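Novice: The listed protein sequences derive, respectively, from chains A and B. Numbering-wise (this note's numbering), the first sequence opens with residue 1 and increments by one. Numbering-wise (this note's numbering), the second sequence opens with residue 1001 and increments by one.
It is worth saying that the hints were derived from the structure and are not from the lab. Check each hint, because a few of them may be wrong.
Simulated crosslink set (DMTMM-like; lysine to aspartate or glutamate; CA at most 25 angstroms straight-line) [as the list claims (entries may be wrong)]:
id: 1; chain 1: A; residue 1: 13; chain 2: B; residue 2: 1120
id: 2; chain 1: A; residue 1: 62; chain 2: A; residue 2: 214
id: 3; chain 1: A; residue 1: 211; chain 2: A; residue 2: 84
id: 4; chain 1: A; residue 1: 526; chain 2: A; residue 2: 601
id: 5; chain 1: A; residue 1: 13; chain 2: B; residue 2: 1119
id: 6; chain 1: A; residue 1: 211; chain 2: A; residue 2: 150
id: 7; chain 1: A; residue 1: 13; chain 2: B; residue 2: 1157
id: 8; chain 1: A; residue 1: 526; chain 2: A; residue 2: 214
id: 9; chain 1: A; residue 1: 437; chain 2: A; residue 2: 813
id: 10; chain 1: A; residue 1: 62; chain 2: A; residue 2: 349
id: 11; chain 1: A; residue 1: 849; chain 2: B; residue 2: 1157
id: 12; chain 1: B; residue 1: 1050; chain 2: B; residue 2: 1205
On a predicted model such as this, the values are computed, not experimentally measured, just so you know.
In case you want the letters, here they are:
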Amino acid sequence: MIRVGLRGLLGRKLRAILTAFAIILGVAMMSGTYVLTDTIDKAFSTIFDESYAGTDVVVSGKGADIDFQGTSATAPPVDESLVDEVGSLPNVEAASGSVSDETNTKIIGSDGKAINTQGAPSLGFGIDPSPEAQRFNPLNLVEGTWADADGEVVIDAGTADREGYEVGDKIEIATIQPKQEFEITGIAKFGDVDSLGTATFAIFDLPTAQKLLDREGQVDSISVAGAEGTTPEQLIDEIQPILPADAQVRSGAVEAQEDKDEISEFTSFIEYFLLAFAGIALFVGAFVIFNTLSITVAQRTREFATMRTVGASRRQILWSVIVEALAIGIIASVIGLFVGFGLALGLNELFKALDLELPTANMVYATRTIVVSLLVGTIITLVAGLFPAIRATRVPPIAAVREGYTLPKSRLSPFVPYIAVAVIGLSLSLLGYSMFKDDLDTASRLLSIAGGVILLFIGVAMISSRLVRPLAAIVGLPAKAIGGAAGKLARGNSVRNPGRTASTAAALMIGIALVTFVAVLANGMKASNREAIEDQVAADYVVTAQDGFTPFVAAAGDAVEGSPDAEVVANVRADLGKVGDASTYVTGIDPQTILQTYNFDWKEGDDSVVQNLTNDQAIVDSKFAEDHDIAVGDTISVLTPSGETLEQQVVGLYEPPPFYPLLGGVSVTTEAFDSAYDRPRNQFTFVNVPDGASDATTESLEAAVAEFPDAKIQTRADWITQQDEDFNQFLIMLYVLLALSVIVSIFGMVNTLVLSVYERTRELGMLRAVGMTKRQARRMVRHESVITALIGAALGLPLGIFLAALVTRALQEFDVRFSIPWGQLVVFAIIAVIVGILAAIMPARRAAKLNVLRALQYE
Amino acid sequence: MTAMETEHTQSEQSTNGAVVTAHDVVRVYGEGDTAVRALCGVSLDVERAKLTAVMGPSGSGKSTLMHILAGLDRPTEGDVAIDGTPIAKLGDTELTKLRRQHIGFVFQFFNLLPMLTAEENILLPLELAGGKIDKAWTDSVIERVGLTDRKKHRPSELSGGQQQRVAIARALVSKPTVVFADEPTGNLDSTTSHEILDLLRESVDTLGQTFVMVSHDPNATAISDRTLFLADGLIVRELGRATAHEVLSTMEEVSKL
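Take the sequences, apply the hints, and build the full model.
Specialist: So, in structure tokens, the structure goes:
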């Protein structure tokens, strides 16, 4: 039986290859994702291990533990004098202080603008360049020397490459201080890591860094090496007693692990995100396998019947089909595994092209990647092939004698519509549960959504064969109108075997449904975003950081005031804070100017509350207040990362737009903010100008912040457009990832068409014999393909819209709009037509090339 | 053969032990008004080591009869037994075993598996059954059908006649109790038909193989030991060894009934 199965495959190599492709792509995506994320993880791991390689323990400031939406608060610095104190301890061999900052160091690129790190760290370091301190230095000089004086800097190799900077060049760097000129004395790398993605670093000597990053007389951390034979624990015991209350000492290993854990969360997220798309491709692949094997089984009815007559048991028949499925699954998984390795490199390039680059080192090919990829691919093929295999066992021996014997409908056949409705019902309840139940953890929620969506697709696919006839009538109208006789025949052919047409269309339906879902949801989000901003912001101009969302130096906001055109300048400070055990953003607003640039939607209180806001008062956003039981009149304690607390009396509650609130949970005066936060930064600076936005005014404002290249001046309209564009960039990435599933379904369509042409060989011969030309034969096949594709679109578009509506409803609390981008949907329909045409190319040629005589004799 | 000789043969059969017996077999398709009675009560015995042919006009029920005798179809009423074992109510597993050991088939359209070689097709029943394969025996069967030098070829590389030889070898190789042949020459030209029929006759004579054959071809029945004529679901005539001429005239008679 194994021989029968395998030999059967070899005899139909083309078909086998096309079927295998369905799995290859999904497995490739999976293995590629694993390789990519493993490699990124390793790169970061290496960075962190290297950072603490020569360090036994680290002394740093003990900040408050504040974590909000994935961002942690930075720890406060310690006094510089502590370095010598620690250094003079008996078991301490060396101690070196350093300054480090993640967000304030902006290197100016060759285009004169600050390099946009897209949210990745823009690192600034101040380290001791002396040889004795090098043991603590995680960076390796590739060229040149360490910065040793004012005006010198060492930058990362990646930036040097991209901007074309070399040792000896003079570049500008802006920090908390306005931009200054530095000479590049060296180029460095983190250990062996080739690229840090979009992150940059600049290394100064310690005194320079202290000046630039507002750390005069302070250091951010002290790296300590113990005397020979001293363990980190011993060192900790020795150092702890001499530390002030707001400092802590931890082993290098612990520090490294903490950093690694933080990054792991991030890479896990990317991993699951990409694996979801791999899963989608595999799901579509399963459809294709199921469809192809079903058709093959139907076509080999006589063969199976003959085998039964010579004594094959049902189980042996089952095995012969399963062997085929297994063979395809294993081979496809192996090929997919290796294609995935190539894909990992490709994905990296994709991210680079979309400015979302991530750090990479040497590619990591883990055992887990190999095992999981092979298992998943094989098992999915096996499961998909199980149903056709079972159908094959139902072939009765008598089918061997009868000509044109068709498989009897499976015993379940009359119940299929009811089962389909039940499946759809089940899926809807799963989806409803996952989206509307309140206290579900994220994992369960996502799993139930995934389960619900899968069931929905399966249910719709089951019922779709009933819809083929009416749908084909509609989408086949163009074929009938412009296709002539060939078109009419094509329309008829599509409904001959509604089950088969439906299965093929279903594979495409999934891809289109998902793409539609993404498009509709994103459109709604863009609309919500726009409205939220338009409702809140009354200013003519908005100043943000280059990447649009990280905070920028407060001094830049102050500089704007220097412009003659700036009538009203409202700075909005922002940083992390904690009220009780609730973390949130705390904003600092200027009572004199904020009201002219920002619209408050009051719940309790009014504008006068802000106008008269004193340094010990605060206004709170109503949602935060509700969630944490805060009322007007209460006094709240706001904990800042440096450990300081603000005691504020709540004097007003305002309603923030749920989708994109620009202010934090708690807002205080700028003065109060500056007193509690070290190195205050602005989230926005809103600017009003006398005669509204104009090019001249823009120029004048830009001139005012010339010293702070990280600051970006945009009109309100431009700012909104920019956000739309950022959305679109993300959308494109999603489309590309979904395109994979569409490609898989194309293979499915090609396969089905080839099989269908083969099956109708005699019929085609007859048509050609009575006068159909080669061109008409091609056209007929092409029309059939397009009709099938359009049926897929006709099913997928409404499904996608429905899913988007469901999710929009579920996200009600965030006020996501529901807005259908009709233009895009039309584009998707056109893409379906193109898919149909593409899929038909090879089968159409085969149909046309038939030798008429041989086809007529074909049995 | 005269009627007396026919009777004589019948009594001989009961003492020889019938290989296949049918008793009052009825086959009805469909229900109610549209019911079709393909067989209206057929009884017969198939004698060991003899070639029994079944003939009749289109619609006479001959194919239906053979399908039932061969266990491919179940009768609506009546009993069928192969080598004494009743098969009308057997389950699938038992029927499968029966097919491995007791029943062979030769089809009109050869029904070879296209991806296996001639030799592999021939050995298929033995491999499905498992157990050791007697190479000497299988080689002799291949020799007997004259395909020793083509045994490594695929069906697509063989002529119609050669393919049918492969099919016959496949049927013979498991030494079945009875081989059922459904229009074995239906798809062959007259010269090749003769060769195939000679081969079948030879298998009866030298191997003692029992055959039941359904055929249109009068030449086919000329090699049979006994020919049964069906019309409208009933056996109406029977001939012993007869010439093609005699068969044709009987056919004419029968179709006028």
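Novice: Now look at each hint and say whether the structure bears it out.
Specialist: Hints and how they fare:
1. A/13 x B/1120: holds, 20 angstroms
2. A/62 x A/214: Within the cut-off at roughly 18 angstroms; holds.
3. A/211 x A/84: The given pair, whose Cα atoms are some 20 angstroms apart, holds under the 25 angstroms limit.
4. A/526 x A/601: holds, 21 angstroms
5. A/13 x B/1119: holds, 23 angstroms
6. A/211 x A/150: At roughly 10 angstroms apart (the allowed maximum being 25 angstroms), residue 150 of chain A and residue 211 of chain A satisfy the hint.
7. A/13 x B/1157: Measuring from Cα to Cα gives roughly 19 angstroms; hence the hint holds.
8. A/526 x A/214: violated, 38 angstroms
9. A/437 x A/813: holds, 13 angstroms
10. A/62 x A/349: Violated, because 40 angstroms separates the two Cα atoms, which is more than 25 angstroms.
11. A/849 x B/1157: holds, 23 angstroms
12. B/1050 x B/1205: holds, 8 angstroms
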